[in-house]
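According to the numbering used here, the sequence shown is numbered sequentially starting from 171.
Hints may be right or wrong, so weigh each one.
[Unchecked claim] Heads up, simulated DSS-like pairs for lysine-lysine below, C-alpha to C-alpha not over 27 Å straight-line:
1) Lys221 x Lys519
2) Lys355 x Lys419
3) Lys408 x Lys361
4) Lys488 x Lys519
5) Lys554 x Lys393
6) Lys361 x Lys320
7) Lys752 x Lys713
8) Lys372 x Lys320
9) Lys355 x Lys284
[What the hints assert, rightly or not] Label-pair restraints from in silico Cβ distances:
10) Lys377 x Ser541: 43 to 53 Å
11) Lys236 x Val192: 17 to 27 Å
12) Ser649 x Arg562: 22 to 32 Å
13) Gln706 x Ser685: 10 to 20 Å
14) Lys688 x Arg668: 19 to 29 Å
15) Gln677 x Ser649: 15 to 25 Å
16) Leu715 x Gln674: 18 to 28 Å
17) Phe186 x Lys377: 15 to 25 Å
18) Ser541 x Leu520: 39 to 49 Å
19) Glu234 x Pro422: 40 to 50 Å
20) Pro480 x Glu312: 52 to 62 Å
21) Arg781 x Arg668: 46 to 56 Å
22) Ser453 x Lys377: 25 to 35 Å
23) Leu319 x Asn247: 17 to 27 Å
Read the hints as simulated data drawn from the structure, not as lab findings. It should be emphasised that the depicted structure is a prediction, and the values quoted were computed from it without experimental measurement. Don't be surprised by glycine CBs; every beta carbon is placed ideally from N, CA and C.
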Amino acid sequence: MGDCDDSHVLQLDEQFVTFEAVSRRNAVFFDDANKQLFIVKSGGFDGVQVKGPHVENTLNFRLEDKNDVISIKFSVNFEILAVQRSQNVVNFVTFKNGAPVSEFSQSSRGKNSKVIGFVWTSASEIVFICNSGVEYFHISSETQTVKHLKSYSVSINWFIWQPISSVLLLSIGNLGNILQEFHFKASSMVKVNKFEILLANKPSPPKLCLFERDVALVSLYGKTCLLVLKHESLRQSKGAHIAVYTLSKDMPPQVEHVLELQLTGRFAMNIVDDLIAVHHQTSQTSLLFDVRFPGARKEGSICYHSPVIPPYSIKPFKIDEKLSCELCTHFLDSTNWVVFQPNIIIDAKLGYMWLLQINLLPLCRMMSNDSLLFDFLLLRSNSKPVILNICRDIVGKKMFDGSSNVLGKIAFLFKKLNTLYKEAMTTNNSDGICTKSCTVVDQTDMLSSIFCIFEEQTTELNDDFVAAVLFEYINSLVSLQIAVQYFIYELLINVLIRSNRFYQLHQFLQYHVFSDSKPLACLLLSLHPKYPHAIQLSLDMFKRLSVAHEDIVDIFLSQFEVIRALRYVQRHGNVDNISARKFLEFALNSGDSRVFYSIFKFFEERNLRLRGSPSFVRGEHCEMFVEHFQKLFGGENHTESNDCPIPS
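Using the sequences plus the hints, can you model the full thing?
Shown next as C-alpha cells:
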C-alpha cells in the first residue's frame, strides 16, 4: 500500500492477488461464484493456475490442448471443472486431490443452439444458458454421466447470475429490457417473474438497448436486488441514475430506490458492506450510496438517494515502492479494470486482483450529524470499535460540557444503540431466518469501552454527571425491557457510594430502579460499613427473591459477616442444629480474633445448654478451633456461665 494519508474512504485490500497478466499466450478468466481466477496458458496445455482471495483454493494443473478456452469454472466443491471450448459443447474434468482424473462432455440439446455461458447451481448441477433457452443438468463425477433435468426455450440476449440466492435473470426481447427470473434449489428450476425495465426512449427499428454491463444482480441487506444503470436524466436531477429493483418470489420486482449520480459517462458498480459504490471513470471518483440511510426524498413508493458523502477517489495503491505516487495514481479507475460483484476489481493487464474495502474513520470525520453517523455505522459489519470510540469521546467530552441538553443527547444515543440491541436479542430468540444483522453494542461493550472511563484514576470525574449518565443508560434498557446486567448496577452504586449519595441510592432501591438480583443484594451487604441501612435493604431484596434462609446465611459467611450470620439464624432458624465447625472456620478465616472469640464462646454456651458441658464432642471436629482458642486466650476463659456473647 502506498504511504498516503488516511483520508480515503475506499481502499484496495492489502491482501491482493497477483497473477500472470493477459498476453497472447495467457488467457484470464474469473468465476464470480467461487471468486476464482483462472490463468490458462496456451489453452491449458502449458498449465492452468487457479487463484483466489483464499490461499487454500490455489491450484495448478494441466489440460489437454484442444482449442482456445471460452469459459472455465469449478463446481462449488471443486471436484468437477467445466470447460467450454466450442460454441455448443462443455467438457467436464473430474478432480481428485487437486489433480484432473477423467473427462467427459455434454452438448447443448437445442438444434443449432450456442452456449453463451453456464453456471453451477450446486456441487453436481449446472445450467447451460444458450441463445435459444436454458438447459438444466445433473452431473455425476462417479459414473461420468450427464442427466437432463429441465429446459426452457426462449431467445436470450444475455444473462446474470446471483450465487448467494441462486437467482438467474435472462434478458429477452428485441430491446433486451424484458427480464425472466428463475430460482434454483435442490434439483428444481422454478420460473418466477417476468418483468420489464422501463426505457425512456425506444429506438425504431427496435434494437438492443439494455446491456449486461449496465446491470448488477447483488445481495443488499440480505435481499436480492437488481441495479440498473440508466444514462438518461431524471426530471429532478441531472446526470445518470441507478434504479434499484428488489426481487421477491411473491410479487413482480419493483423499483424501490433510485440513486441520483449527478454525473454522466462510464460507470461501474460494487457492493461493499451493503453500500453501493459507483465508480465514475471520467472523474476517477466513487460515489457511496446506502439505501437504508435516512434523509432520502420519497415520491410515492420510491426513495431517491443522494451520495452519503461527496465523491472521493479510491486510495492510491503503490504496486512497487520504486514507482512514483503519480504513476500509482494513474492506475486507479483504469480503463483496464474489470469489476465483479460484490467487491472485486481486476486489472488483467497488470495482473492484480483486489478486494474493495471501506475505511470508516475518515468517513466519520465527514459526517457532522451524530445521529446520522450512528445510523450509518450501526449498519456496517465491522464498525463496533469505531462506534465505541466515538461513544467514549462523546461521553468524555460531554462530562465537561455545560450546555443544557447534554444528557438529552446522550440519552438519544443510548436509545439508538439499545433499540438495535433489543432487536438482536429478539432475533436470536426466534427461529426465523433473519437478514443481515446490524452492529450490536451490548452492556459488556459499554462497560469495557465507555463506562470504564468513570473508573480511571487519571480522569477528573464529575460524579453527578457520571451517575446521571449511568441512570440514563439503565432507564434506556428498562424502557426497552432489556434485563440490566449486575455490573452496570454495581458501577452506579459504587459511584453513589463514592460521592456519599446514600439518600439517592436508597431512593433508587426503594422505587426499584435497580432490578432485584442475588449479586446486587450481596453487593449491598458489603456496603454496610459505609451505609448501615444497606443491610436491611439487602435482606428485603433477598426476601423478595425468595432466597432460602440457609442461602442467606451462607452469603453472610462468604463475606465473613459471621456474627451477623449467627444473628440471622437466631431470628429465622434453629441455632441448635447449625454446624459449629462451619461458623468457627469462617470466624478463624476472618482474621479478627474478637469475632473468633465471640463465635467460640457462643457455641460453648450452646454446648453447655444442650449437653451440660461447654466441651465439643469428637464428632463435631472442632479440636483445631479449641487449640487455637487456648493459644490466643488461654484455657481459663472457657464459659462457666449462661452469658451469651452474641446478642439476639
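Status of each hint after checking the structure:
no.: 1; hint: Lys221 x Lys519; result: holds (16 Å)
no.: 2; hint: Lys355 x Lys419; result: holds (13 Å)
no.: 3; hint: Lys408 x Lys361; result: violated (37 Å)
no.: 4; hint: Lys488 x Lys519; result: holds (16 Å)
no.: 5; hint: Lys554 x Lys393; result: holds (23 Å)
no.: 6; hint: Lys361 x Lys320; result: holds (11 Å)
no.: 7; hint: Lys752 x Lys713; result: holds (24 Å)
no.: 8; hint: Lys372 x Lys320; result: violated (34 Å)
no.: 9; hint: Lys355 x Lys284; result: holds (25 Å)
no.: 10; hint: Lys377 x Ser541: 43 to 53 Å; result: holds (49 Å)
no.: 11; hint: Lys236 x Val192: 17 to 27 Å; result: holds (20 Å)
no.: 12; hint: Ser649 x Arg562: 22 to 32 Å; result: holds (23 Å)
no.: 13; hint: Gln706 x Ser685: 10 to 20 Å; result: holds (19 Å)
no.: 14; hint: Lys688 x Arg668: 19 to 29 Å; result: holds (23 Å)
no.: 15; hint: Gln677 x Ser649: 15 to 25 Å; result: holds (19 Å)
no.: 16; hint: Leu715 x Gln674: 18 to 28 Å; result: holds (23 Å)
no.: 17; hint: Phe186 x Lys377: 15 to 25 Å; result: violated (40 Å)
no.: 18; hint: Ser541 x Leu520: 39 to 49 Å; result: holds (43 Å)
no.: 19; hint: Glu234 x Pro422: 40 to 50 Å; result: holds (47 Å)
no.: 20; hint: Pro480 x Glu312: 52 to 62 Å; result: holds (57 Å)
no.: 21; hint: Arg781 x Arg668: 46 to 56 Å; result: holds (50 Å)
no.: 22; hint: Ser453 x Lys377: 25 to 35 Å; result: holds (30 Å)
no.: 23; hint: Leu319 x Asn247: 17 to 27 Å; result: holds (19 Å)
Hints 3, 8, 17, counting from the list given before, are not met by this structure.
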